[in-house]
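Student: Sequence:
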Amino acid sequence: MIQSMTGFGKSSLQLPTKKITVEIKSLNSKGLDLSVRMPSAYREMELKLRNQIAQRLERGKVDFSLFVEVTGEETSSKVNIPIVKAYINQMKEIVDGDETELLKMAVRMPDALKTEREEIDENEWSSIQGVVDQALDNIQNFRVSEGIALEKEFLVRVSNILRLMKETVSYDNERIENVKTKLSNAIAELEVNVDENRFEQELIYYLEKMDITEEKVRLENHLNYFMETLAGNEANGRKLGFITQEIGREINTMGSKSNHAQMQKLVVQMKDELEKIKEQVLNIL
1 MIQSMTGFGK SSLQLPTKKI TVEIKSLNSK GLDLSVRMPS AYREMELKLR NQIAQRLERG
61 KVDFSLFVEV TGEETSSKVN IPIVKAYINQ MKEIVDGDET ELLKMAVRMP DALKTEREEI
121 DENEWSSIQG VVDQALDNIQ NFRVSEGIAL EKEFLVRVSN ILRLMKETVS YDNERIENVK
181 TKLSNAIAEL EVNVDENRFE QELIYYLEKM DITEEKVRLE NHLNYFMETL AGNEANGRKL
241 GFITQEIGRE INTMGSKSNH AQMQKLVVQM KDELEKIKEQ VLNIL
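Here full-length UniProt numbering is used: the first residue of the sequence shown is 1, the next is one more, and so on.
Keep in mind that the hints are not guaranteed to be accurate.
Stated by the list, open to error - Simulated crosslink set (DSSO-like; lysine-lysine; CA at most 30 angstroms straight-line):
#: 1; residue 1: Lys239; residue 2: Lys271
#: 2; residue 1: Lys216; residue 2: Lys166
#: 3; residue 1: Lys265; residue 2: Lys182
#: 4; residue 1: Lys265; residue 2: Lys61
#: 5; residue 1: Lys166; residue 2: Lys209
#: 6; residue 1: Lys239; residue 2: Lys278
#: 7; residue 1: Lys180; residue 2: Lys257
#: 8; residue 1: Lys278; residue 2: Lys166
Said to hold, decoys possible - With beta-carbon atoms standing in for the labels, derived distance ranges:
#: 9; residue 1: Ser126; residue 2: Ala54; range: 17 to 25 angstroms
#: 10; residue 1: Gln90; residue 2: Phe8; range: 51 to 59 angstroms
#: 11; residue 1: Val144; residue 2: Lys180; range: 52 to 60 angstroms
#: 12; residue 1: Tyr171; residue 2: Glu234; range: 34 to 42 angstroms
#: 13; residue 1: Gly232; residue 2: Glu189; range: 51 to 59 angstroms
#: 14; residue 1: Lys85; residue 2: Phe8; range: 45 to 53 angstroms
#: 15; residue 1: Asp121; residue 2: Ser159; range: 56 to 64 angstroms
#: 16; residue 1: Thr181; residue 2: Thr229; range: 38 to 46 angstroms
Honestly, the hints are just simulated from the structure, not real lab data.
For each residue, glycine too, the CB sits at the ideal point set by N, CA and C.
Please work from the sequences and hints to get the whole structure.
Tutor: What follows is the structure in structure tokens.
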């Protein structure tokens with residue numbers, strides 16, 4: 001089953017004094033392009049989180065965000081009492097003012113507040129890993145549902161190409177007769193004697209160069225292989241992309257050999273269907 005690289009996953013966890021929220025967004029990319037945003041206190045976890053995400057998501061332009069909301073009474077910022085007192089004493093030497101007003105001024109001065117680095121214990125780290133896993137489960141479920149929708153669209157597009165190919169082949173006899181008629185009329189206008197056997201040989205050689213039987217067989221095989229790969233357990237965007245390149249080659253060759261207005265219109269429609277497949281294949285994991 002295929003998965004899309006587009007997805008979104010979110011999960012939250014309430015701890016005694018804080019709420020942890022994880023959001024993961026992904027778009028298509030050739031490889032894994034991972035961007036991580038988190039509070040500085042949790043930066044020591046970044047490498048482990050990157051490995052955790054990479055193992056699960058594999059490819060895509062991924063934005064990972066970890067938000068921490070303090071819900072308890074504890075705070076990591078505290079008043080730097082010695083510094084604040086020193087500021088007040090210095091200001092008293094300059095002006096004789098109300099201590100409350102001097103205090104208001106002192107707490108705005110540099111280093112009046114100090115932030116104590118909060119250590120992350122093993123239990124909190126384990127809880128955060130769990131909430132990240134839950135967000136990864138959610139984004140993978142999103143990717144699977146998007147993949148199901150893409151698979152349905154691919155099957156419709158492939159079916160359209162097969163239908164157009166069969167319609168193209170239906171004009172083959174008419175095309176051959178038109179070529180024979182044109183060549184015969186051209187010879188007749190020259191008013192010269194022509195060796196009929198030689199003419200038939202040259203005509204057969206010319207028609208063989210215009211024959212699209214091999215292209216039709218290869219195109220049908222490539223389309224069937226595309227659908228088999230789509231249904232397989234090892235379906236991936238790169239492999240499907242290679243198959244679409246082969247499909248495109250056969251369609252282009254059919255177009256160059258067609259030499260028939262209606263057939264060329266059908267080839268253009270096949271190319272249009274294939275381009276829509278190629279656009280969506282870029283989203284496949």
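Student: All hints are to be evaluated individually against the structure, with a verdict given for each.
Tutor: Now the hints, each set against the structure:
1. Lys239 <-> Lys271: Status holds; Cα separation ~19 angstroms.
2. Lys216 <-> Lys166: holds (9 angstroms)
3. Lys265 <-> Lys182: holds (21 angstroms)
4. Lys265 <-> Lys61: violated (38 angstroms)
5. Lys166 <-> Lys209: holds (20 angstroms)
6. Lys239 <-> Lys278: Holds, because 12 angstroms separates the two Cα atoms, which is no more than 30 angstroms.
7. Lys180 <-> Lys257: holds (15 angstroms)
8. Lys278 <-> Lys166: Given pair Lys278, Lys166 holds - Cα atoms ~22 angstroms apart, limit 30 angstroms.
9. Ser126 <-> Ala54: 17 to 25 angstroms: 20 angstroms Cβ-Cβ, so the 17 to 25 angstroms window holds.
10. Gln90 <-> Phe8: 51 to 59 angstroms: Once the Cβ atoms are compared, 54 angstroms apart, the range 51 to 59 angstroms for Phe8 and Gln90 holds.
11. Val144 <-> Lys180: 52 to 60 angstroms: Hint holds: Cβ distance 55 angstroms, inside 52 to 60 angstroms.
12. Tyr171 <-> Glu234: 34 to 42 angstroms: holds (38 angstroms)
13. Gly232 <-> Glu189: 51 to 59 angstroms: holds (58 angstroms)
14. Lys85 <-> Phe8: 45 to 53 angstroms: For Lys85 and Phe8 the Cβ distance comes to about 51 angstroms; the hint holds.
15. Asp121 <-> Ser159: 56 to 64 angstroms: holds (57 angstroms)
16. Thr181 <-> Thr229: 38 to 46 angstroms: Holds - the Cβ-Cβ distance for Thr181 and Thr229, about 43 angstroms, lies within 38 to 46 angstroms.
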